[in-house]
Amino acid sequence: MWLELIDVARTFGTRAAVNGLSFQLERGAIGCLLGPSGCGKTTALRCIAGFESIDAGTIRAQGTVLAQPGRSLPPERRHIGMVFQDLALFPHLTVQENVAFGLTRLSRDERARRVGELLEVVGLSDRRTQYPHQLSGGEQQRVALARALAPKPDIVLLDEPFSSLDIELRERLSVEVRSVLKQLGATALLVTHDQQEAFTVADVVGVMRDGKLEQWATPYDLYHRPATRFVADFIGQGVFLLGDVVSPNAVQTEVGVVHMNGAGEMRPGQRVDLLLRPDDVLHDDASSLTAEVCARAFRGAEFLYTLKLPSGARLLSLVPSHHDHAIGEHIGIRIEPDHVVAFEREE
Amino acid sequence: MSAVAVELEGPRSRGVRNSRSFLLLLLLCLPALVPLFVVLTAVFTPEVEIWSHLARYVLPVVTTNTLVLVVGVSVGAALLGTSLAWLTSTCEFPGRRIFEWALLLPLAMPGYVLAFIAVGFLDFTGPLQTWLRGAFGSSSWFPSIRSTGGVILVLTFSLYPYVYLLARGAFLTQGRRAQEAARTLGMTPMRALWRVVLPMARPWIVAGTALVAMETLADFGTVAVFNYDTFTTAIYRAWFGMFSVNAALELAAVLLVFVFIAFALERRSRANLRFATARDLSRQAVRIELRGVRAVVASLCAALVLGLGFVLPVLQLVVWAFARAASDLDARYFEFILHSVLLAGSAAIIITGASLLVAYLERQYGSTPVRALVRISTMGYAVPGTVLAVGILVPIIGLNNVLQHGLSTWLGDAAPSLLLQGTLATVLLAYFARFLAVGFNPIESGLSRITATIDEAAITLGAAGTALLRRVHVPLLRTSLMTAAILVFVDVMKEMPITLIARPFGWDTLAVRVFEMTSEGEWERAALPALAIVLVGLIPAAMLTRRGEHVA
Chain E
0 MWLELIDVAR
10 TFGTRAAVNG
20 LSFQLERGAI
30 GCLLGPSGCG
40 KTTALRCIAG
50 FESIDAGTIR
60 AQGTVLAQPG
70 RSLPPERRHI
80 GMVFQDLALF
90 PHLTVQENVA
100 FGLTRLSRDE
110 RARRVGELLE
120 VVGLSDRRTQ
130 YPHQLSGGEQ
140 QRVALARALA
150 PKPDIVLLDE
160 PFSSLDIELR
170 ERLSVEVRSV
180 LKQLGATALL
190 VTHDQQEAFT
200 VADVVGVMRD
210 GKLEQWATPY
220 DLYHRPATRF
230 VADFIGQGVF
240 LLGDVVSPNA
250 VQTEVGVVHM
260 NGAGEMRPGQ
270 RVDLLLRPDD
280 VLHDDASSLT
290 AEVCARAFRG
300 AEFLYTLKLP
310 SGARLLSLVP
320 SHHDHAIGEH
330 IGIRIEPDHV
340 VAFEREE
Chain W
0 MSAVAVELEG
10 PRSRGVRNSR
20 SFLLLLLLCL
30 PALVPLFVVL
40 TAVFTPEVEI
50 WSHLARYVLP
60 VVTTNTLVLV
70 VGVSVGAALL
80 GTSLAWLTST
90 CEFPGRRIFE
100 WALLLPLAMP
110 GYVLAFIAVG
120 FLDFTGPLQT
130 WLRGAFGSSS
140 WFPSIRSTGG
150 VILVLTFSLY
160 PYVYLLARGA
170 FLTQGRRAQE
180 AARTLGMTPM
190 RALWRVVLPM
200 ARPWIVAGTA
210 LVAMETLADF
220 GTVAVFNYDT
230 FTTAIYRAWF
240 GMFSVNAALE
250 LAAVLLVFVF
260 IAFALERRSR
270 ANLRFATARD
280 LSRQAVRIEL
290 RGVRAVVASL
300 CAALVLGLGF
310 VLPVLQLVVW
320 AFARAASDLD
330 ARYFEFILHS
340 VLLAGSAAII
350 ITGASLLVAY
360 LERQYGSTPV
370 RALVRISTMG
380 YAVPGTVLAV
390 GILVPIIGLN
400 NVLQHGLSTW
410 LGDAAPSLLL
420 QGTLATVLLA
430 YFARFLAVGF
440 NPIESGLSRI
450 TATIDEAAIT
460 LGAAGTALLR
470 RVHVPLLRTS
480 LMTAAILVFV
490 DVMKEMPITL
500 IARPFGWDTL
510 AVRVFEMTSE
520 GEWERAALPA
530 LAIVLVGLIP
540 AAMLTRRGEH
550 VA
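Residue numbers (numbering that gives the first Met the number 0), protein chains in the order written: chain E, 0 to 346; chain W, 0 to 551.
Hints in this document: simulated from the structure, not taken from any laboratory.
It cannot be assumed that every hint is accurate.
[To be verified] If you only want the chain W side, here are some residues facing chain E, beta carbon under 10 Å, derived: (1) S18; (2) S139; (3) S143; (4) I349; (5) E455; (6) A463; (7) R477.
[Said to hold, decoys possible] Non-contacting residues of chain E with respect to chain W, defined by C-beta distances greater than 12 Å in every case (computed): (8) G49; (9) L156; (10) L281.
[As the list claims (entries may be wrong)] Examples of chain E residues toward chain W, derived with CB under 10 Å: (11) R76; (12) A143; (13) P309.
All values derive from a computational prediction rather than experimental measurement.
Glycine included, every Cβ here is placed at the ideal spot set by N, Cα and C.
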């Protein structure tokens, strides 16, 4: 395994910022730690970089131990590149000097070639002699990426790299960053609180909560097969609907019996919360099942309706935008989940 | 990562690295700590015999004189500085743009220079009274400049810029908006001044006044010209006149207590500065337009202060210097300059380098004991030069005697006689103790503007330790390092008591020459070296006014 964390813990005083964190990242893969602020994702990143020591567990890169409790390789000798939240470009150096900063071991020619190569990749060849303050936010971002990648680090860490940019630029740059990382075959680990960003950039995403990893999976699986209630809640939109298990793969709810595809693991008689995403609830005028529109958000191509069932329970439904219904209207709906996810009811 | 064996760094090696840096830091701070420690020890181990002598013959006069002087100068400088600051920052009158920065110029003139010019010009034998006698027959009605009032006046005129600078900053930043708010609530400009603007600027005014008080306590040259006995002159006389090391030490200890009080006052008011800063500097508030008589009075007041504090003294200095240039502009004069520049230059290099190391070590290993050590070591700036000189010389003389004794028992009569106390190293050590803060403050504030992630970025790219310092910090700190070196250079050029007490025999500098000529009443001959000091002193004054323009 290229990068491996085994049961890593980091405690500040009595608070465990990272607790029993384990995951693996393959060579050339882009991983992401995703979670709300204060979940310990940045601390995890700083432990890998070597700016924080760890209290338990092991961090390994290519089988070499980087950190263990009480012992750690200094950050400057870990071969790890990092892109910082505030970018931390050196203001006294030009673009090419910034990129060349970590290339002390190369000859002058090799260094110039490597810098030229990277500036080419990030599209800043014509800006090489300018200073950071003369660049736009997006350009600065790309210099920071090029600088981190220049010494061919084993792993690149990106700490909320887009948070200082405006939303439009953020979306464009996250696509760009992924293509640069892939083009250079870099192994990378990103930290963010923005799931859109995580899904755009990463191959595999870990959702963190209170210092623990809830699930480590592909974006598709996180959305459609969340392992825990927290992940189901945190990723995407959706509501939980109360249901009774009637057979190992069928649940009786207010909106009818919902069948699970695949082997069911539920015991009949159990009460569960069924996860219904907005795209699981379809609008169907022919359906005998109706619900009252109690809020609507126009999104251009579609409406996101909040619907109220007779029991008072709410549903979200994504409907093509030519179906324009007023608040208070009753509309027909059909439940058609691709992947049924249910969690045991917590009393 | 390559398959080379990787050494992990355990807690022990990190601990060793930390304690090594702490030792280095302690070594750097030692010259600043020793004199404070030596003098403070004297506070707690008074010698009865010396004390009874001091208490009877010296302390009553010296204490009264010092207190009267400190109170008088503080009140004077606070009034003068605050009112001038208010005039130039919130009013509009003819010449305001020039007065705004020109009123800082007296900073370039050390108190002792202003003092001998005032005495030389206004004394009975001076040009003014001579002219008065010629014109009116008698000048006996003219008040004597050699009086308590005279010395207070001179120090007030040379020290008010400290209050002016801080109060002006306060008025410019927060006074305007608050004043506008007060006006919308129905207050007249005058009422707003008393109810809002002055109370809000109080921490700055107090901080400036505390600086003035500390400078007054530390002053040696000015009071020496007036033969006005304070603690500093008493220490000097105890050292040279009575050759009583212990008496000097005891006096220094008492003075140190006064200094601590002023220092604590300054710290407390500084702590308040943080809570009252306003961010909105962009908006140009409307100034109060002064017209007619008021405008004339405002211009005249500002012109009078500038004239008395800077223009006229400089003119008098030039006149005297030219009168004497033909005979005094000789090889000896250039030797004074050479000595001054050598001392100030080496002090600037040593102190700037040490400050950089101290600030860097504090940043890398900023634990509580480290920070406390640095705070105490940079306190020397508040301590009068006479106190520090005594605090450095006493242990060095002790060391000298021990070594001499060892040498004599080892070599017998053939032993050479040592004189550690009369070396340049001793003077530089004392400068180090006094001016470490002068070099440290600009460098520390420069360093604090470099974010922690800049360090981390450099480290992940392989530049740690000295490489980090060399490749990132030093280039980023270039301006701060220059500022530190210039400030130390100028302060050492002006410095008088340490140089007088600790210099090697015959090693005369410009300031020493000024002291020698003024103590003989040879004002004209003191003018030439003084002019050089004033010219050098204009550099930091110019730096301050340039910065002031950015604020305004």
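Compare the structure with the hints numbered earlier in the document and write down the numbers of the violated ones, lowest to highest.
Failing hints, ascending: 1, 2, 3, 4, 8, 9, 13.
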